[in-house]
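> This is what each chain is made of:
2 protein chains.
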Amino acid sequence: MPTSATAIEHLRNHHQTYLAELIEFIKIPSISTLPENAKDVNHAADFLAQKLKSLGFEHVQIFPTARHPIVYGDFLKAGANQPTILIYGHYDVQPVDPIELWNHDPFTPTQVGDDLFARGASDMKGQVWAVISAIESIIRTDQFPVNLKFILEGEEEIGSLHFEQFLVEHKDLLSASFSLNADTGMLAPDLPTIVYGLRGMAYFEIKVFGPSHDLHSGVYGGVVQNPAQVLADLISGMRDKDGIVQLPHFYDKVVPLTAQERTELARLKMDDAYYQNQTGAPTTWGEKGYTPVERVGGRPTLDVNGLLSGFIGAGAKTVIPAWAMAKLSTRLVPDQLPDEVRQQLTEYMQQHAPETVTWTVEQLSGGSPSISDINTVESKALANALETVWGVKPTYKREGGSVPVVSSMQRVLGIDSVLTGFGLPDDNIHSPNEKLHLPSWFKGTEALVHFFYNAKR
Amino acid sequence: MPTSATAIEHLRNHHQTYLAELIEFIKIPSISTLPENAKDVNHAADFLAQKLKSLGFEHVQIFPTARHPIVYGDFLKAGANQPTILIYGHYDVQPVDPIELWNHDPFTPTQVGDDLFARGASDMKGQVWAVISAIESIIRTDQFPVNLKFILEGEEEIGSLHFEQFLVEHKDLLSASFSLNADTGMLAPDLPTIVYGLRGMAYFEIKVFGPSHDLHSGVYGGVVQNPAQVLADLISGMRDKDGIVQLPHFYDKVVPLTAQERTELARLKMDDAYYQNQTGAPTTWGEKGYTPVERVGGRPTLDVNGLLSGFIGAGAKTVIPAWAMAKLSTRLVPDQLPDEVRQQLTEYMQQHAPETVTWTVEQLSGGSPSISDINTVESKALANALETVWGVKPTYKREGGSVPVVSSMQRVLGIDSVLTGFGLPDDNIHSPNEKLHLPSWFKGTEALVHFFYNAKR
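Chains as they are written, first to last, in the numbering used here: chain X, 1121 to 1577; chain H, 1121 to 1577.
Mixed in with the good hints, there may be bad ones.
Result set (DMTMM-like, lysine to aspartate or glutamate): computed pairs, CA atoms no more than 25 Å apart in a straight line [said to hold, decoys possible]:
| id | chain 1 | residue 1 | chain 2 | residue 2 |
| --- | --- | --- | --- | --- |
| 1 | X | Lys1197 | X | Asp1166 |
| 2 | H | Lys1389 | X | Glu1475 |
| 3 | X | Lys1327 | H | Glu1220 |
| 4 | H | Lys1408 | H | Asp1360 |
| 5 | H | Lys1327 | X | Glu1220 |
| 6 | H | Lys1361 | X | Asp1362 |
| 7 | H | Lys1327 | X | Asp1362 |
| 8 | H | Lys1361 | X | Asp1360 |
| 9 | X | Lys1389 | X | Glu1507 |
| 10 | X | Lys1389 | H | Glu1475 |
| 11 | X | Lys1327 | H | Glu1325 |
| 12 | H | Lys1327 | X | Asp1360 |
| 13 | X | Lys1408 | H | Glu1475 |
| 14 | X | Lys1361 | H | Asp1360 |
| 15 | X | Lys1373 | X | Glu1482 |
| 16 | X | Lys1513 | X | Glu1381 |
Just so you know, these hints were derived from the structure itself, not from any lab.
Required output: the full structure, derived from the provided sequences and hints.
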């Protein structure tokens, strides 16, 4: 009778095949934020639907949304006594700019040593393909031990615009025991990780408008307020010198880290030297009174993601710009809510923007923070699977990134998520030279095989 | 015997011809700051050299520089008893972005009512052609009353990079009694203007560097200082809430406006309502304690000309940018010097930039401020010429813009400049929809004819 060992053997014999398939998947430049890549996003959705069909998934369907489609497939042959796992993934990727900093073409996956360099290799096409490879290895060798529903969206990198609405409209189709989400990562190649806390996000575009057109800075310098300077004033005032965000009531709903959490986090050895090495910054910096790992996992932040105003070409152009723009985002912790942050930012602008300008605040995306119970059956199934492969107990971590779909699933479907993933902190996700560490990825696929067997009742 | 009246008659009979020639000149997209337009800049220089030759100028030569050439031509037939006027002009123009705000193609001059819309129409191809048209009308009808040297550069809009060096190297060739510079403008169509004071300029590019690459704002938000926020802090601190520039010792050498100057400037009726109307800003703003026209003409300023950092495309990208850039420039009044301002800015950065970033300050251009004597023979010759055509005495004004060549000529050649020009405050120079008011331009050409006759000893 086949066991997890049979599936693992199959997996090891087909690693190169699965890697070759992953490379084909990555080659599709499914950048969700760029209108010119819309057809590529569709192509990636088709690619996944075809794969699920080839695995014998029963109901496979591409659901269009107002922007990018959602791929659904189910494999429900384990019987009503077995749990149904709703697997989440996304097949869209971040833009590639600044393109000149890439060492290889971002959509020509290139292996250098143990790493595969390409946009999406780590975030998260590699993770999606780890799950698919694990499932295939079981399907080819055994009865599948649990029931599966797979849902793959194409808008994660632009804020999962239509995901929650889709959950609401297809609540019955998506009913499940819990969700598996592999969109997080590991702390190091030898430290398998389970993320139990995720920050939320609220992302905004602020525009400040001054004169009706760009002005000559000699003819008009001294008579009008410069909107780029007003924007600088406003951004500067959003934090104090200790890194405390100054939006009104920003911290009112922040749940403090418990003493136990601070003790756990202190074990992670992600200290200032670690973060300085990871980021290449001259020094680390952040909210006073917290360690780096506490700040990333347990404290909210506000960051400028982009600035644009006036003349940005080579050389000198003497203009007072007509407007200035900032993209800025907050990372949120329980119980902050994106809509409340939008109100706080609007209130801040009302209080601080001078009468020399007009302004707009547009919310581009948002997602709530979440905390998961680490004592559930499925969380323990994952912990055991990771320990089987790595030989060490997994580390539990609160993560700085946002997976808004986790809170959507809690809210709409009433199910918790178990979160894992096999990317590494130095994978350069969202940056040039994104890469996937292949030895960790191979181990991850094996851990997922164990997880599906462990999840059997 | 021919007189100024003969030349004026010729001029009026050929206005349409001269306008057609001006249009051909404007059609050449001689944008000096863009490398891809270098051939167009050369084309504009050839166009001028050909014109001067066709007028019978004797020594016509195109002098190459390390970037864009300088056109020289002389017409020295009036005899040693007559003054030699060194006429200055520039044939390069500003870039056209944001191109989408233009109502017509910027290099397809388009007449709407009394206005000719095109990049360079007012600044300063129209002014150069007014001088050439006046000269041609005299040459075609009379012995030229004074000696002429014409010098036309192609780098004024990028800070006259090689102009002063050229003066130094060709001091003898360029020796003259005084200079005529038509690169300023009029206050209104019925107010001919003589500019006797010009602000200087020092233009910089500041870059702030944080992490070695763009970071994921979730994974790293809270552990490193964001260079875009540091840049905002630095810019914000460069002025206080009353508009006082905070660079150390910035005002030490500023010569205060005299009581007489403030009385003169108060007559100009360029009040807040005027500037609000010109700029389309919600309200005017500037250094406390000075009227708008005092601030423009007699007080230094600091303006942000451009901002760039991180992700500026459509949608949301959650990065902590690796760097942030600002272009900023100061307008200077006597006796401030660009090199001293560079030192002040560097000192400011040393004092205020935190250790979480590294930074650079690059000076892109600079020019000293200047004040001219309004009681010279040549200044009176110009004043009388303007009064002859407009029927009112010209207004004397200190101008906000910079004409660094004026101070270069004082310093290197030892000659003063008389400054005029027939552009208007609403000409949108350096902005989309630049235009030339043709009735003012026609009057200006006539005034220049009178000026050359008046300048005769």
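> If a hint holds in the structure, say so; if it doesn't, say that too.
Each hint, compared with the structure:
{"no.": "1", "hint": "Lys1197(X) x Asp1166(X)", "result": "holds (24 Å)"}
{"no.": "2", "hint": "Lys1389(H) x Glu1475(X)", "result": "holds (24 Å)"}
{"no.": "3", "hint": "Lys1327(X) x Glu1220(H)", "result": "holds (18 Å)"}
{"no.": "4", "hint": "Lys1408(H) x Asp1360(H)", "result": "holds (11 Å)"}
{"no.": "5", "hint": "Lys1327(H) x Glu1220(X)", "result": "holds (18 Å)"}
{"no.": "6", "hint": "Lys1361(H) x Asp1362(X)", "result": "holds (22 Å)"}
{"no.": "7", "hint": "Lys1327(H) x Asp1362(X)", "result": "holds (23 Å)"}
{"no.": "8", "hint": "Lys1361(H) x Asp1360(X)", "result": "holds (17 Å)"}
{"no.": "9", "hint": "Lys1389(X) x Glu1507(X)", "result": "holds (20 Å)"}
{"no.": "10", "hint": "Lys1389(X) x Glu1475(H)", "result": "holds (24 Å)"}
{"no.": "11", "hint": "Lys1327(X) x Glu1325(H)", "result": "holds (22 Å)"}
{"no.": "12", "hint": "Lys1327(H) x Asp1360(X)", "result": "holds (22 Å)"}
{"no.": "13", "hint": "Lys1408(X) x Glu1475(H)", "result": "holds (16 Å)"}
{"no.": "14", "hint": "Lys1361(X) x Asp1360(H)", "result": "holds (17 Å)"}
{"no.": "15", "hint": "Lys1373(X) x Glu1482(X)", "result": "holds (23 Å)"}
{"no.": "16", "hint": "Lys1513(X) x Glu1381(X)", "result": "holds (17 Å)"}
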